[in-house]
Structure formats: structure tokens, C-alpha cells
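*Asks:* Based on the provided sequences and hints, a complete structural model is requested.
These protein sequence lines are chains R and L, in that order. Quick note: the first sequence uses this note's numbering, first residue 1, plus one each step. Quick note: the second sequence uses this note's numbering, first residue 1, plus one each step.
Hints are supplied without guarantee of correctness; some may be wrong.
Quick look at which bits of chain R chain L covers, simulated, 3 or more residues with Cβ under 8 Å [stated by the list, open to error]:
#1 31-40
#2 73-84
#3 126-137
Read the hints as simulated data drawn from the structure, not as lab findings. Backbone N, C-alpha and C define an ideal beta-carbon position, used for all residues, glycine too.
Number of protein chains: 2
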Amino acid sequence: MREFIVLGHDAPTDADFSLDSLPNAGRLDLLCRCVGSSLFLSHDIRDAVQVHLVLRDELTVRFDSRTLRNARPDERNLAGLVRNALDHKNEAIGHREAEPSPGVHISKRGLEPTLDRISDRATVVQLHEAGRPLADAEPPEHPAFVLSDHNDFTPDETDRIQQHADQRVRVGPHAIHADHTIAVANNYLDTDAYTTY
Amino acid sequence: MREFIVLGHDAPTDADFSLDSLPNAGRLDLLCRCVGSSLFLSHDIRDAVQVHLVLRDELTVRFDSRTLRNARPDERNLAGLVRNALDHKNEAIGHREAEPSPGVHISKRGLEPTLDRISDRATVVQLHEAGRPLADAEPPEHPAFVLSDHNDFTPDETDRIQQHADQRVRVGPHAIHADHTIAVANNYLDTDAYTTY
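*Replies:* Next comes the structure, spelled out in C-alpha cells:
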């Protein structure tokens, strides 16, 4: 299993946004590309990947590749699935999830309960400019990479992630988009740290 | 300089498509994500990257990061730039380009003249499942990666690319999307084949 946690600081928490203007919906375009980078192979969906979009530290939309249906890699399709999940957010009671469409879950969890739950089962990997080069890090059996949208992590988020993190890595000399980072991380895992092609 | 050539087999060659349904416009969603993966850093555009979308072997839309303006990484914005270029295709006479918006060029070149021109200045890198592992290949000074959209290269395209190719590489054990492959290739170049972070 691989997991990706992406923090959407400006992301919508209601379904009242237009699919025609995703950058203006709190950069949902970027969050949707993160979902696509996490889940899709060419003409296929990866076997065991979960991606968690943490929206404004209020809600988490979780995509699970094992049960996902009706998903395509374009931003608009994925944003439609997020919007549908938001439309059903009141079915998520407390920290219990609702599953408004197959493989797409929504809960009223923010970052802390999402990290708590995932760090019990996974090796939490923090992306950090002072971390080890990705190529030098041993690929965990069950990694959970934590990423941010177009905004940096806040100091408080950095602290909270650090408390749960088992590894800190950096992916290169430039700051790149979260969806590109996920593509790099998937390739690193696919090739067992660039050793198996 | 880095270059990426992406073949769009089903891509539109006229501007009469809707930005609301890019997957149905010959998978222009994927081609636009390829443009985004090629050009963008977080909050920045890369210094010297060109991406060439070869549309149905009839037209080539070329994005040049050095002069590009008004581009954002979302699919819809980039598709709008492609559509605008197609709307001005008649300004491209013979193999001469038109530049309907800053940094976005269109020409009536198909694959062969595009490859001819690029192979004079660049090391053409063919992505091929029988190629060398990317991590073992020496990063060229001026690489030009050739990729395909959701369709495989045709036998004829494979032959033509092979005639121009200086290297054959593979990026991993799975077939992944072209935009994810570009993110991997950029990271390989950024890190000097995973040695410099």
C-alpha cells in the first residue's frame, strides 16, 4: 500500500463551486492532478493506493484505488467526484466516513486525526528541503507521503507532521508541484529506489 | 535546454472543441498535463524548456518557456492556449511558424520535420520498454524526449523516431502516463541522474 496526504489550504469545503474554474476553487485543479498522479497508470488504476485530500483542516476526501469506480484522470472528472463527496458531507458523522461514490470517501477529519490514523499503519514520509535525497532513502513497505498544495506548510502543520514523521526526504534541487512530486515518488517506489526497471 | 515532443494521435486540429470536455477533444486533457509537467516549477516557469505537441502528424504547437506568458498549469488554461493557436493556424505558412500568443507557436509540421529540426540540435531520447534504465543513462546536455499520448506509437512512428534517436531509455516497470513520465524525466535531469539534490 502507498498513501499520499495532500493539504489543500484554500480548497472548497462546500459543493458550490464551478467545474469551469477549478483554479479559483482553491486550486482544486492542482489537488485533482495530485489524485491523478497518485492513482493512475496508463490505461489502468494502481492496485493499492490511497490519496487523502485534507481540505482546510476540516474535511478529508479519501480516494481508494482498490474500490474506485467512474474515475478518469482529467481534472474536471476528478473535481466532479470531489464535489459530489462535498455534496454528501453531512452523511459523515463525527469521524466516521461516508462513501458517496465507490472508492471516494469523505469524513470530518482534519490533518491531526488523518495523520494519527495513517501513522499507525504506515511510514510517514515528510517532504522537506532539509531531508535526505530521495534516492538515498530506503523505500518503506507502506509509505505515506505528506505534501502541500501551492502553499507552504504552516509552522503549526510542520510541527504536527514532524511529530508523526518517520523519514524526511527531498526530491530535488527545485520546488516542484505536488502532483509532479507524487509522480516522482511513485517512480521511486516502482523502481525500488531506481534499482529495478 | 530540454525538449519534450508529445504525439497526439487523436488531438484536435481545429479550434471547434469545448474546453468543458477535454477528454473528448482527442485527450487534450492529457496533452495539456504534459505541457504543464514540462514547463512548470512551483510558482515559477522553468528557464529553458520547449514542448512540442504534434497533432495528428499535421500540426505542431510549440510552447517555449523562455517567452511564454499568460500560462497557468491547469488543463483548461493550457487547452485555451492550444485552441487559440489552432484558431490562428492559417497564419502558419508552409513550415514557418506563427506565434498567436507569447511563447505559443503553431506550424504545419508533422512528426518528421519536427524531429528533423530538433535532432540537429538535441540528443533525441526515445522512451522504449527495451531501453536502458533511465537511472543508468548519462543525462544529455540538451535532451529531447519523445513520448506518445494514450495510444502507443504506431510501427511507422517507431521507425521514424528510431532513425533520429540517440538513446533509448525506460522509466520503470509499469506503463505510466506521458505527463507523469515527463515529471520523472525532469526530476532525473534536475538531480543529474539522481546524484545531486
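*Asks:* Hint by hint, note whether the structure agrees.
*Replies:* To see whether the hints hold, each was checked on the structure:
1. 31-40: Our answer is that it holds, as 4 residues pass the Cβ test (under 8 Å) against chain L, meeting three.
2. 73-84: n = 5 at 8 Å, threshold three: holds.
3. 126-137: Coverage by chain L holds for the region 126-137 of chain R (3 residues, Cβ < 8 Å).
The structure agrees with every numbered hint stated previously.
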